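Sequences are here, hints too, so could you generate the full structure?
So the sequence lines, in the order shown, correspond to chains A and B.
To convert, note that position 461 of the first sequence is 461 in our numbering; the numbers rise steadily by one, no gaps.
To convert, note that position 790 of the second sequence is 790 in our numbering; the numbers rise steadily by one, no gaps.
These are calculated hints, taken from the structure and not from any lab test.
Just so you know, these numbers come straight off a predicted model, no measurement behind them.
Mixed in with the good hints, there may be bad ones.
[What the hints assert, rightly or not] Pairwise CB distance ranges, derived in the manner of DEER restraints: (1) A:K422 - B:K606: 38 to 44 angstroms; (2) B:R702 - A:N280: 36 to 42 angstroms; (3) A:R12 - B:K567: 50 to 56 angstroms; (4) B:A777 - A:Y17: 42 to 48 angstroms.
Just so you know, even glycine gets a beta-carbon here, dropped at the ideal spot from N, CA and C.
Residues per chain, in single letters:
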Amino acid sequence: MGDIKGFLKIKRRPSPYRSVSERVKDYKSVALLRKEESSIDQASRCMDCGTPFCHWACPVGNYIPEWNDLLFRGEWKKALGLLGATNNLPEITGRLCPATCESACVLGINDEPVTIRENELSIIENGFGSNLIKPRPPKKRTGKSVAVIGSGPAGLACADQLNKAGHNVTVFEKDDKTGGILRYGIPDFKLEKRILDRRIKIFEKEGIKFLTSTNAGTDYNTDRLLKKFDAICLAGGSRRPRDLTAEGRNLNGIYFAMDYLVQSNRLVAGEKMPAIGAINAKDKKVLVIGGGDTGADCVGTAHRQGAASVIQVEVLPKPPECRTCECPWPKYPAILRTSTSHEEGGIRRWSVLTKKFTGEEGWVKKVLCTGDGNDFEIEADLVILAIGFLHPEHDLLLRELNVEFDQKGNVKTGADHMTSRKGVFSAGDMRRGQSLIVWAISEGRRAAYNMDRYLTGGSSLPKL
Amino acid sequence: MAYGHLPKRQGLYDPAFEHDACGVGFVCDITGKASNETVLKGLEVLERLSHRGATGADPKTGDGAGLLIQMPHEFFTKACIEAKIDLPPLGDYGTGLIFLPVDNKERRLCKDTFSDIVEKEGQRIIGWRTVPVDDSDIGVSAKNTAPVIEQIFIEKNKTIKESLSFERKLYIIRKKVENKIRSSLINKSSSFYITNISSRTFSYKGLLMPCQVERFFVDLQDRRIKSAITLVHSRYSTNTFPAWDLAQPFRFLAHNGEINTLRGNINWMRAREGLMKTDLFGKDIKDIFPVIMPGGSDSAAIDNIFELLVLSGRSLEHAMMMLIPNAWETDRAMSDALKNFYKYHACMMEPWDGPAAIAFSDGVKIGAALDRNGLRPARYIITKDKMVVMASEAGALDIRPDNILVSGKIEPGKMLLVDTALGKIIEDSEIKERQSKAQAYGPWLKENMVELASLRPRKLKEAAINDLPALEKAFGYTREDMKFIIKPMAEKAEEPIGSMGNDTPHAVLSNESPVLFSYFKQLFAQVTNPAMDPIREELVMSLETYLGPEKNLLDETPLHCHKLRIKNPILTNEDLDKIRNIRINSFRTKTISLLFIMNNKRDFSKRLDAVCLEASSAIKDGYTFIVLSDRGVKKGLAAIPSLLAMGAVHQCLVKKALRTRIGIIVESAEPREVHHFALLFGYGADCVNPYLAYEAMDQLIREGGLNLSRAAAQHNYIKALSKGILKVLSKMGISTLQSYRGAQIFEALGLSAGVIEKCFTGTPSRVGGIGLERIAAETIKRNEEAYPERGFQRPELKTGGLYQWKKDGEFHLWNPETISALQEASWCGDYNKYKEFSRLINDQTGHQCTLRSLLKFVKTEAIPLDEVEGPESIVKRFTTGAMSFGSISKEAHETIAIAMNRLGAKSNTGEGGEDPLRFDSLPDCDSARSAIKQVASGRFGVTTNYLVNADELQIKIAQGAKPGEGGQLPGHKVSVTIAKTRYTTPGVTLISPPPHHDIYSIEDLAQLIFDLKNVNPKARISVKLVSEMGVGTVAAGVAKGHADMILISGGDGGTGASPLSSIKHAGLPWELGLSETHQTLMLNSLRSRVRLQTDGQLRTGRDVAIAALLGADEFGFASAILIILGCVMLRHCHLNNCSVGVATQDDILRRRFKGRPEYIVNYLRFVVEEMREIMASLGIRTVDEMVGRVDLLEPDREMLSLNGKDLDLSAILHKPDRLNAHQAEEIKVQSHGIDKVLDLELIRLSKDSLDKAMPVKIELPINNANRTTGAMLSGKICKLHGEGGLPEDTIQCKFRGVAGQSFGAFLTKGVTFELEGMANDYVGKGISGGKIIMRPDRDSDYRADDNIIIGNTAFYGAISGEAYIRGVSGERFCIRNSGLYAVVEGVGDHGCEYMTGGRVIVLGRTGRNFAAGMSGGIAYIYDKESLFKEKCNLSMADIENINIEDEELLRNMLANHLKFTQSPVARKILNEFKKEKKRFIRVIPIEYKRIMKAKMAEYGLELSEVSDG
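Now the structure itself:
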């Protein structure tokens, strides 16, 4: 805490965004990187609390006050070291995290919280910019081999930790590129893929092997997997989307959000649109069903594709603008959140239940909804379903491994992340169900700690 | 044997912690003429001091009294004829009282032993005389335990020529008999005790009250008992256990005070025995060992060593100067010769440190001496007819005023000596001059003593440390250590500050493998002796170290000072290198490695034994210094914890009597914070080199975290450590590191008896704990973590999490979950939510934190909840902690008061007064008046009116966050409002001294209780203590001092800002302190006299229930209350930066406060509800039934087995085994003795003034038994007329005589006291607007400006008023004066200390350390001899010439002084004012001057660090 009075002197100032008119024309990052001086100012607002609720609310337990202080003092390198101690992908969370820490920031009780997420981003980007982040392969290898299935945030975090511990790590990715949901779920305007590539490259240089386009269980059979590796971590995410069982659901023009976003992301990455089944919002009246973050990503994507109109509906009532007593500080509050995509246009409606799709020539045209006791129709010729995910795909690998699932259909593990099958662990959405990136990282780390213990009898990896 | 009748150690009670304090005095005929009159006068002095003694549960059994006189030969001649003993001439026989067992057989054995040994020593017993006693008037318990008292007569063998030789012979006989009987089969509880066998002196003493002595010893009624000397002593003990043998005087002396360093002194003496050589005591000197008789009191121990020094040939005064040296190190006024004397003797012995007034005599000379701090009163009068009367009080003997030649007091570090053979008084200066010239000390030192600073440094090749972070990890360094300890110390040279108490697990319960240092808690002085102020009274403090082998104590040669003198025992690497390579004076250094190979667990203890062995052989090999070094730790090679090694080596060498032959230096990576160093020194280290801390600083510098040079950082760091160490010493009342070294002033929490015995012998460790194996395992674990076998090494250090909660750090009971659960529950008023909260606190499975988490309730038959006492009455037992307005905001402070008043419970003002507006009710029946008004050492805002408006007056002796320390509220935090409630000036720094300057002993506390009870007879008086070993015995003393309630605070509690090391490492949990207190009070049958309260991290109904079962009647809450008011444990209280407006004075932040009284009401009701549920489940209907029912608690085996650390809680759950220690003691009300005070007469006589404000004049005689005169009258006036009192001079009282203590205390507006005569200590304490005039008796003719007229600590905490004192005052005149205008004709040491306002004119000499810590007001000194500058402490104040305004003030006040007292000094000055005014200088605090200049009406607040309680 460099300046004890900092929080009284300086107001919260988040990073600027590019102007709407400019940013909707491309898929480049909406947010601009904040100037370092501004981050230093903002860091001075941190009170270095005796009980840092931010650090408590952060799933990976980022040492927030500590690096805020170092950031304020300009001790970038040390700050970077501490940030890296708890977070394998700070450049990702620094951009994408909903920042439960900020909701729990003590300053937020009666003032505006510290811009923790952006301070995190400043530190990591400064690290990249000053060439402080270099591949550091482990000095010693243990000779043990580990397979991590899935290269999303959980898989990457797990792989990174295990690799640091000296194990030989192979990451299996069924897609042709690594990153999972980070690459294919998150639009570039929120996360430019070069950021992800930059990190993967380091991981590779540190010795992690990535087997892309390799669907474990199918392209690489389960027995071989079990034989070749001393331990396995299942981190395949929770990809089975929740569906709507309304009349007319089988009409054309109704898609799952992930299908839509994956296609768009591939396109932005320079891949070609598939000949069949291309989903494009250009000149379409787009209806996004589901008011969450994925829905918002679809909204932003639709804007950029040149949709004629975009409407987003949510079944739940409109959340309050600010914290209510039911959800007191320091809990993460259910309040109205307006994303950059919403700023870019479109209409949001709440308490809207989708009853029926009607179409022409097999193509959706209208959606019958009900809300506030009235039925009404929304015109739409592209409907995106962004109403969440059920559980992981119960694919061949899971079936052959014969792991138990929990009631929701997620992979069941003990507190040590080990599944019902010895030596097979699980982490991330696959285990806990759909959640935040930062939780996925946390899961990956915890799984790695337990796997390290499993493999060697002890671990000097952090427990959290 | 000593302690024969004390209960044995049981439960948490340990007789070793008994204290006593006393009255001491003597009467002496200077001419040496023996008379019965002198004996009778002595007896009268003894009786007059009786209010300084105490009685226990049995009103007629005192704590012991007695006297020592010259051999009453004439009387014995007669008595021996009756006893058919043929008595030789005076000088040819020795005699003394022997306390013998009642059992015939045992008595026979004792007497046979005597016969045997006397004969072996070549002397002859000429007979035993049965001493006639009349026990009709003594108390029951005294009678029941009375020994058979006989008098032995031993005839001198003709071959002995010298009187001293015969005394030595008698000494050897006594020693041998003592040793023989101690090892015999005599029942340990039988009395056998030899008072004093001498051919020169004789003593009568016993378990008597002073007034009983004469009647009990029939001999004393015989007029033929004659002596020129009578030394008397009346004892005030903390316990009520009859102990005949602890009565004083001892053989040579009587002591009033407390030797704090006793443990160390005893150990060092024991070690010295190995080097003692003399043929004076016969062939085998071992016969007199142990020199200090085991099990004796501190006073007995100092008598033992004094006796040895005198009998081996040193004069009385020489021996006294060795034992209790003056503070010489920094005294600018002391001669070099005398300094050399002290320096030379410092090479032989450490000071016996602690408050001490000692009277001593060998039958020819009699004297008295005070320790360097002078914390005990010692007044004397020399009469024109050649008599000297010395006593703890003036007026102890009625002396005609016209007979007084000199009225004086012994000054700190000085001595009064009468030589009756020469028939003269020897002045202190003459004694000191003679002693300092007795030998060529100066040349001896020059030749032999080597100064470390003078050694030439070598070019140091720093052994490079590779892999620094790993090494740091191996020694348990955390990021917090770097951030909160090393960095701030290196940066600011200050010890880091924190706040909000300690809520982490005790080291033994922690999962984080804490370093061994964390298992120890610092002990501190409370009540029985004062803590000291290491900053403002630095002049008495010293860290000097004399390294090297000692020589024979019984000899004096140049080689005795063959030592290496080290100014600061924290060595830099360069310093250590110098010592390592020293080649002068046959100094040689050997390094002993503490490393062990981690192959198997046993290597650890093997290595530990080997280290001890190597140390002993190093001595035999002629080495003079050893370095215990842990350099070289690496993978697979770990180090024995430095403290463990230090303790083991020290103890081993002490036991082998080798310790004084070697200097021990610890070269260790481990110590980094103040506590670590204090421990190393406390367990015997001479010097410490913390090399890794230095490396860590270098690392910080390299990384840019510290913008300093290496040298500057080290300098700052050492400075911070030095200050911190001095503070640790001072909190125990110890002045010099030399006497702290090895004094072991710690309590262990969580170490096994085996570890204690081996390494920390004598240290209390009451719940057992880990052994060597566990210590080894944790050491190995740290090493393995630092150097992992495989895989990756984390680059960063561990989190720590002791000072701030962290996810991967130490557990905290206040953590995000518990804080938010508590807030939600109390804000929503939701009991279910509260239960969630209490579950989080109560169930500590997996992260055990508190001792109570290891206890569980016994399964009993439950009763329905509605049969349990209702919540309304239970909640009345609740209080809130003492949090001052100043430490928390006005809003928070008043919200708490309103809530507590709504509940009928009590809130506490804390230190710092209260706005009188709050005494009135608010609309809606609310009231913001705090029921408990605290009286703390700073006495801020403690006005008569404040005291009157209280239901309870609480004397804060210590606080959990920093027991034994003072506080400071920096000027910039003293806003207009705060200044108003504290009666000071805005912007002026307010310092609270570590001790109450009117409580240096238990009898002083009794006096303050008496004072407060007088001011407000309706208020109950409580005393706040902090848990530590021995708090039970202190509490027993407090109960005997008539407190109504005793609060035992846990050492972990406290919301206030304090040094981190104090928050973490001082004080013990309340479970121990409360339980010990309850047990001790039960044993003493005192429990029924007082109520007990506890606080310190109480949170839930379960906590409260356990506290009740362990003995508490009442319960206090603090941090939970603040959390309810919005606190989220930022732990920023000390920064004035509380973002939720709770602990801040900042206007903007205060607006963020959102606490409400109903939240607190909700919470406390919930706590009661949970408590009631527990009561129902235990089948208990009322809290009264519940108190002390330890049988309803049992250790939770499951929880205990979880931590696997062998904790044993049986001592906490112990039920005292004494017959009278039963639960159903009838509750008795304390008898405060205020039904006979002079004030009742004053109130009667001033009825018209009180009712109608009519003027009245009263004239009355007064004597020293009339204590606290004026307080009750003043309280009455405030009750009737409020703060404003009465018009000036409405009630005028004239007294003649010698007033008792606290004359004119709390005198309020409208009352004028005139005293003709003298007064004792605490005149005008807390005076709130009254006027006090004093002058010598009209019949006296001594010069007032040369003689003492009032005692110590006059006008302490004065609020306002006037005082005109024609005469000289004792020490600490006008300290912490807020606004009094006073004139005095001379003052002792520490005048105007901590003063914050008012004006003081001193028309004569001042003592040392004037104006220390003075932050406001002005003092004017009539500096006739230009001596003042040397005496003034200029760290906060300037000396300057007076200006015109000052002249005006001086002229007016001197005119008053003349008018009221007819002072010749004032007359002379006023007559020639133009000339005389030039001799005045003024002392004005720098800060005060600036403020006065700016005349700031409104004082803006700035933010900075504060440390205010």
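Results for each hint:
1. A:K422 - B:K606: 38 to 44 angstroms: holds, 42 angstroms
2. B:R702 - A:N280: 36 to 42 angstroms: violated, 58 angstroms
3. A:R12 - B:K567: 50 to 56 angstroms: holds, 52 angstroms
4. B:A777 - A:Y17: 42 to 48 angstroms: violated, 56 angstroms
Consistency note: the structure conflicts with the earlier hints numbered 2 and 4.
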